[in-house]
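Okay, here's what each chain looks like letter by letter:
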Amino acid sequence: MNLELSDEQRLLAETARAFVDRHGDDDAWPTMCDAGWPALLIPEEHGGAGAGLLDLALVCEALGRGPIGSPLIATGVLAALSIALAGTHEQQDRWLPALATGTTIGTLAVLEPGMRDEWDEPRMSGADRLSGTKILVPWATRADVIVVVTVDGLRLVEMASANVQIDEHAGLDGDPLAAVTFDSTVAESLGTGDGAVTVAVVLDYAAVASMAYAIGAAERALELTVQHAKDREQFGRAIGSFQAVAHRCAEMRAEIDACRYLAYRAAWALEHATAPSEAVTTAKSYANEALRRVFLHAHQVHGAMGFTTEHPLHRFTQCAKAFELSYGGTARHRDRLATAMGLGRRA
Amino acid sequence: MDFAFTDDEETFRTELRAFLDSEVPDWWRGMFVDDERAMPFTRELCSKLAGRGWLTMAWPPEHGGSGASVWKQAIVREEMWAREEPRGPQYMNLNYIGPLIMRFGSPDQQARFLPSMARGEVIWCQGFSEPDAGSDLASLITRAEDRGDHFVVNGQKIWTSYADAPADWCLLLVRTDPAAPKHRGISILLVDMTTPGITVRPIDTMAGPHEFNEVFLDDVIVPRDCLLGEQDHGWDLVVAGLTFERVGIARYARAGRVIELLVEYVNDAGLGDDPIVRDRLADLYARYEAAKVLNYRAISMQAAGEVPTIEASVARIHNTQLEQAVGHVGLELLGPAGQLRAGDRWAPLRGEIHRYWTRNIPSTLAGGSLEIQKNIVAQRGLGLPREP
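These protein sequences, in sequence, are chains W and H.
Take 1 as the starting number for the first sequence in our numbering and just add one per residue.
Take 348 as the starting number for the second sequence in our numbering and just add one per residue.
For the record, the hints were derived by calculation from the structure and aren't laboratory data.
Where hints are given, some of them may not hold.
Selected chain W positions facing chain H (Cβ under 10 Å, derived; list incomplete) [said to hold, decoys possible]: (1) Thr15; (2) Arg17; (3) Phe19; (4) Arg22; (5) Gln92; (6) Arg94; (7) Leu177; (8) Val201; (9) Leu224; (10) Ala254; (11) Ala283; (12) Ser285; (13) Phe307; (14) His333.
Chain W residues, not near chain H, derived (Cβ > 12 Å throughout) [stated by the list, open to error]: (15) Ile166; (16) Glu168; (17) Ser184; (18) Ala196; (19) Ala267; (20) Arg346.
Glycine included, each C-beta is placed from N, C-alpha and C at the ideal position.
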């Protein structure tokens, strides 16, 4: 066992962090593409970097510190991994190199009205034509290609030529989300089979990447909170010298550390362990709840100022909530974890 | 990063488990029980472990160890703590009393004290807390007067586990210079517990007998060659020792074992499909995994030659609250019969969960309270100002 990052990973994390500190709110996507980040998970034979999920997670963690929104997870995980896992050679050759450079933006459409969450059964069906609405699709507004989950398998819709209506949701300040309505829209099968195994793997990867992003946001929120606790004086002294305040900060540190190492382990497990989903679902079960506590503390210490949009805290709070509500809530993951623990198993 | 134990480590764990399965008797419930068999059993087991080279395996060879990796040491701690620490009090020798002597002791002290620890033949206790020095440990007043070739010790210690085992030796914190600021003027003495003037009084607790003692010291004469480290500079040793202790106990391992017992219990009771039961147990399990991975982070730092401080406190913050949560939720899952103690014929799981809950009521106090751990994280980790 060794929980230290490699020298290359440290360098990658530092590079990503320096990038985030430099960029602020600009459209950072072209620079991210130049850095090769959309290519991280894509196999080398398709123009990717063939790196690991932990590498991508380190980049996502740095981005969360901005927070810098980008179609990195949509393109580099949701679309690229779906196509890499399920696509035919032809489909891989066609899409993966373009997704790797980031010149093509992709995403995955899973949710439909009435579905409880991403693990619920899809309703949409269809072979070479799709009709109906997918909701909460990340980055659909800018996507060139959308992988669509249907009961009959995965479908690939090329946006340029397709008859698709996109309505952006009013949501949290995280990834832009949209409702995507198909009306007898031309689609092609992505590989064969029902795609359920692929979707499960892709959701696990995306859960870890988005967790890393939320952890970066939480870390930045802790830094803001500690700074505020040092600077803000009441009763003639810095409020951080009151244990009631200091202990909230310490709890934030303890919770973020737990989330971070559970996330790193989940990233490792997806590529090395025999039962990787258990590590992912453990991390998600924990982090969903822990990040709530982290942001309750952050807001309490910041006082009313943290609730204003003049102060940056609200952006990190929204990132964390968007993470919690995506890729499975606490109840879903605890139920999955309970099964992995052997609950309900008959002797 | 690599989150897996090596094949060699896994093989070792399997061997150790097989050994413990055959050696630890069914009646063993840890040290804090009214059972005369407990103490002789731990002594016997420790000498068997020593015979296999498993007792002080992580110690350097010159002190009777085999220089095993910190990960093998972690495996030993996990397997022992999951079985309620069949090494009894001697885990303290291995984890920090021995290492403190290795780091700060004279060659004579090392030659005198370490071999008996390595053979598993000696019981040590730790005289730290006093009635008026708990979280504010540095305000301790047990006095050791310097009389040249010896010290004369007067005072009182409390919450001293294993003193009535009986312990052979005590790592005793004393004040040698009452005029110095409180963190200065403290020294550590290695005290023979058979010295005249030492009185041990057991304190009964909710968890039963033998958990805690008071130790009274009246004109106890301690030779100068039993002073550990520099006189008046014992606080530095305390800080080092407490850091060893925070990563020295695999508290999460017993919590994990209790969660397994609960899973079996609810499955047998036909509650394994109950959504609320599943939710409660999965929550505990996620918290167990969080505590475990944070302990592994601290151990990984040790493996890299670093000393975990903040990281040790963070791990402990998780460990101790996990223990309490597992106790509370465990009893809730047993329902009204959770009230029944070990020994009652209707007690579910032979009263194991009841005992686990009880004995972890003070777990957020031992070895530096939860509040002290949070102070360490806030002040040393985050740079927040001290309370004036």
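Each hint, compared with the structure:
no. : hint   : verdict
1   : Thr15  : violated, 18 Å
2   : Arg17  : violated, 18 Å
3   : Phe19  : violated, 22 Å
4   : Arg22  : violated, 25 Å
5   : Gln92  : violated, 29 Å
6   : Arg94  : violated, 34 Å
7   : Leu177 : violated, 27 Å
8   : Val201 : violated, 19 Å
9   : Leu224 : violated, 12 Å
10  : Ala254 : holds, 5 Å
11  : Ala283 : holds, 8 Å
12  : Ser285 : holds, 4 Å
13  : Phe307 : violated, 22 Å
14  : His333 : holds, 8 Å
15  : Ile166 : holds, 37 Å
16  : Glu168 : holds, 34 Å
17  : Ser184 : holds, 40 Å
18  : Ala196 : holds, 23 Å
19  : Ala267 : violated, 8 Å
20  : Arg346 : violated, 8 Å
Going through the hint list in order, the structure does not satisfy hints 1, 2, 3, 4, 5, 6, 7, 8, 9, 13, 19, 20.
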